[in-house]
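S.K.: Chain A is fixed; fit chain B onto it per the hints.
In order, the protein sequences belong to chains A and B. With this note's numbering applied, the first sequence corresponds to residues 175 to 804, in that order. With this note's numbering applied, the second sequence corresponds to residues -19 to 151, in that order.
Derived by calculation from the structure, the hints in this document are not laboratory data. Remember, predicted model here, so these are calculated numbers, not experimental data. Treat the hints with care, as some may be off.
[Unchecked claim] No farther apart than 30 Å at their CA atoms in a straight line, the calculated lysine-lysine pairs in the DSSO-like style are these:
| hint | chain 1 | residue 1 | chain 2 | residue 2 |
| --- | --- | --- | --- | --- |
| 1 | A | K741 | A | K771 |
| 2 | A | K397 | B | K12 |
| 3 | B | K95 | A | K397 |
| 4 | B | K95 | A | K325 |
| 5 | B | K107 | A | K414 |
| 6 | B | K73 | A | K182 |
| 7 | A | K397 | A | K414 |
| 8 | A | K231 | A | K741 |
| 9 | B | K60 | A | K325 |
| 10 | A | K325 | B | K68 |
| 11 | A | K397 | B | K107 |
| 12 | B | K12 | A | K714 |
| 13 | A | K326 | B | K95 |
| 14 | A | K760 | A | K788 |
| 15 | A | K204 | B | K95 |
| 16 | A | K740 | A | K792 |
| 17 | B | K73 | A | K326 |
| 18 | A | K740 | A | K651 |
[To be verified] A partial selection of chain A residues facing chain B, derived with a Cβ cut-off under 10 Å:
| hint | residue |
| --- | --- |
| 19 | H328 |
| 20 | Q329 |
| 21 | D332 |
| 22 | H381 |
| 23 | P453 |
| 24 | S466 |
| 25 | E486 |
| 26 | I693 |
[As the list claims (entries may be wrong)] Computed far set for chain B versus chain A, every beta-carbon distance over 12 Å:
| hint | residue |
| --- | --- |
| 27 | S(-14) |
| 28 | Y25 |
| 29 | I28 |
| 30 | G29 |
| 31 | P57 |
Don't be surprised by glycine CBs; every beta carbon is placed ideally from N, CA and C.
Given next are the chains, with one letter for each unit.
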Amino acid sequence: MARGYMGKFLRVNLTDGIFNVEPLPTSWIKDFIGGDGFGAKLLFTEVPGRIDSLSDKNKLIIATGPITGTMWPMSGRTVFISKAPLTGIWGESHVGGFLGAELKYAGYDLLVIEGKSEKPVYIYIEDSDLQIRDAQQLWGLTTDKLTGAIKKIHQDPDIQVAAIGPAGERLVRYASVMVNHARAAGRTGMGAVLGSKNVKGIAIRGHGAVEVHDHSTFMELAKEAHSRVRSNPQARQMGKYGTWVLTAVKQEIGELPTYNHQTGVFDGWEKLSGDYIRPRYTVADRACFGCSLGCKKVNYVRDGPFAGTLEEGPEYEGLMAFGSSLGIDDYATTLKANQICNRYGMDIISAGATIGFAIEAFVKGVITTKDTGGLKLSWGDREQIIDLLQMIADRKGFGNLLAEGSKRAAETLGRGTEKFAIHVKGMEVSGQDGRTHRSIALGHATGARGADHLRSLVVVDQLGYEDVAASRWGADKLPEIIDPYTEKYKANAVFESENAYCIRDTLIVCWYSVSWPPIFWMEDFARMLPSVTGESYLGKVENLTKIAERQVTLKRLFNAREGITKKDDQLPDRFTKEPMPEGPGKGQTVDLAPMLKDYYTLRGWDLETGLPTKETVKRLSLEWTKVHSE
Amino acid sequence: MVYLPSQLIIDMNRCTGCRICELACSAHHEGKFQPSLARLKIVRYDDIGLDVPNVCGPCETAPCVDICPVYAMRRDPITKMTYLDDDKCILCKSCVGVCVNGVILLDTVQMRIIKCDHCDGDPECAKACPTGAITYGPTASLASVDRHGKIISYLKEISRTNKAEEVSGAE
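With the rest of the complex left out, here is chain A (with noise of 0.2 Å):
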């Protein structure tokens, strides 16, 4: 076995009630690295087409890389993989914390979960020690308190604990897993996939070690990771603001999504960046493990309604969600959203986007309170938003419809209330937009798991970093590559980017540090994976390359097999027919058809059904595929 690994993969059975450690087979490395790549093989092989999310038959896997657990900075990421309860297709969600390297430290790579319990349980492991516990006395909890309790009943302060919330039980199609308190995998539903489980909570304790290949070499190599992330200046700054940073900067270029998208500049934004949140709010910064950046922020309410709140976050996403696009130029009322959408255990992004159609509806005329059970809904109103926020998590009244997600949610209203759900596949729109960010429409459009801004989200051109762009891509596609406003050349961008993330997700790796700010890439990479693998295979960018499509078309077919054609690789007709109606952006729109086209050539899919081709599916040895596939 590649050292990096513990070789081991752990699987519980609810249905039997067992636990079976299975050997990682030797031929993934290779073929797949880790993480995302081990989950989305495990996934296609093992969960047929078409099954429902919530029904016994789907699988929920928890997966970490080589380096998870190691030195190597911002390594301490999981992921949660399943068949998503939000959208029918691909589902993962990354988190940071400490879970994936305490699940290595107890001995794993990975932990499958499958079958159903007939009562509440929660996961035990501690090194060898594997248990299902009851959790009856424990359901109903909101996810601090469990991981409060979980750590009480094994008085075992350093226990890592992934919990779900009421939202979670509920079966809220976006419920999050939540870890270390504020930290949610959240998008896709996956603490909905627990919640069908009757599973609470999954505590993990390890401790073991984790090894690598050549531990001096790696050690260096980690060290000079870790000063480049240090002397960065945006990182520093990141950890000075977290992704605050960023509303300034959207709202400069016209991409700060406002009254559920309809338009990119926001007047309130100033009480939303990080300048202004950091002196009045901020109390103490925060990090994941092994992390030299820090972009987590604890924060408390003085005074106004919400005061005493104190809690971490909300991100950038946060701040879009349930600031901006609800047309809410008050921290202190994002803040008290991202405490429930924690505790409660909820995707922040798709509830603040589900409320945002259900206002838009509303103050267009299109539903009334009738739908709404008597709510007069109107954009800014700040407590009867965090009471809808309550009310979806406790899926009472109007909240239980929007708990389905906006896609669902406009099916069952209908009238036409369609054209206010702002999703892709039935995932919510992320806090970007298209029509001033071009790269980001291809992004939304053919992200594996929907309108997605963390799989393929190119930062280069929207931020304007052009000798980046240059020494990745080549001086000869400047300007126009980080030209935001045309179609040109996006479709490489996009695919490269896509392709580098990929690794990033199969390590894993942080966002921050790859993605933005951009201090990592392929190269770095494949001069560290050697030292902690032993595998020179992964030593070259090329083969990392090959991996990382490999992975993109294995997600894809697996759509494919639930039915996801050219068809749905398109955006909401906000950003394709209604052009930005203000700001720097103004009477933009986006012309997908031509970014789609150079994407499948780049990919190798099928122009006329956006599915991989036969040549394809054999250069990268992804055959054994057909087997699975109906």
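M.R.: Same frame as chain A, now just chain B:
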């Protein structure tokens, strides 16, 4: 060169709880990444956003030296740092139990006491700490009131708003 007795000094205001120090410590002493064998420990309070680095020393008195029945633990009279003589140690765990910072451990796999030795005067944890929360230098170079400002401001804020239950998560 002027010789100054040095200690590990912690600054709670700066600690982000990233645990890089634990990784660096185990990487240096064990040649692998194993925080459970690190000679220091970060205690993370996720509910109030506080992280406390627990390191060896500086101690006013040295309970680990006082309790050792076989005089295996000794204290440097100038630096006040304590050191373990493995050859004399009988693994009775008295020092493990008595250490106020909880940073002396018994490794039950190799059956040995694990204790910080300041990496012979060049501690890895201080070098690896990205925020300066752990530094190595002469004691009293930083007033403790500055170092503990984070928790003091918390306590003030909590008593002011009288929301103690909500903040601490206590029932």
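S.K.: Identify every previously stated hint that the structure contradicts and give their numbers, smallest first.
M.R.: Of the numbered hints given earlier, those the structure breaks are 6, 9, 10, 14, 15, 19, 20, 23, 26, 28, 29 and 30, listed in rising order.
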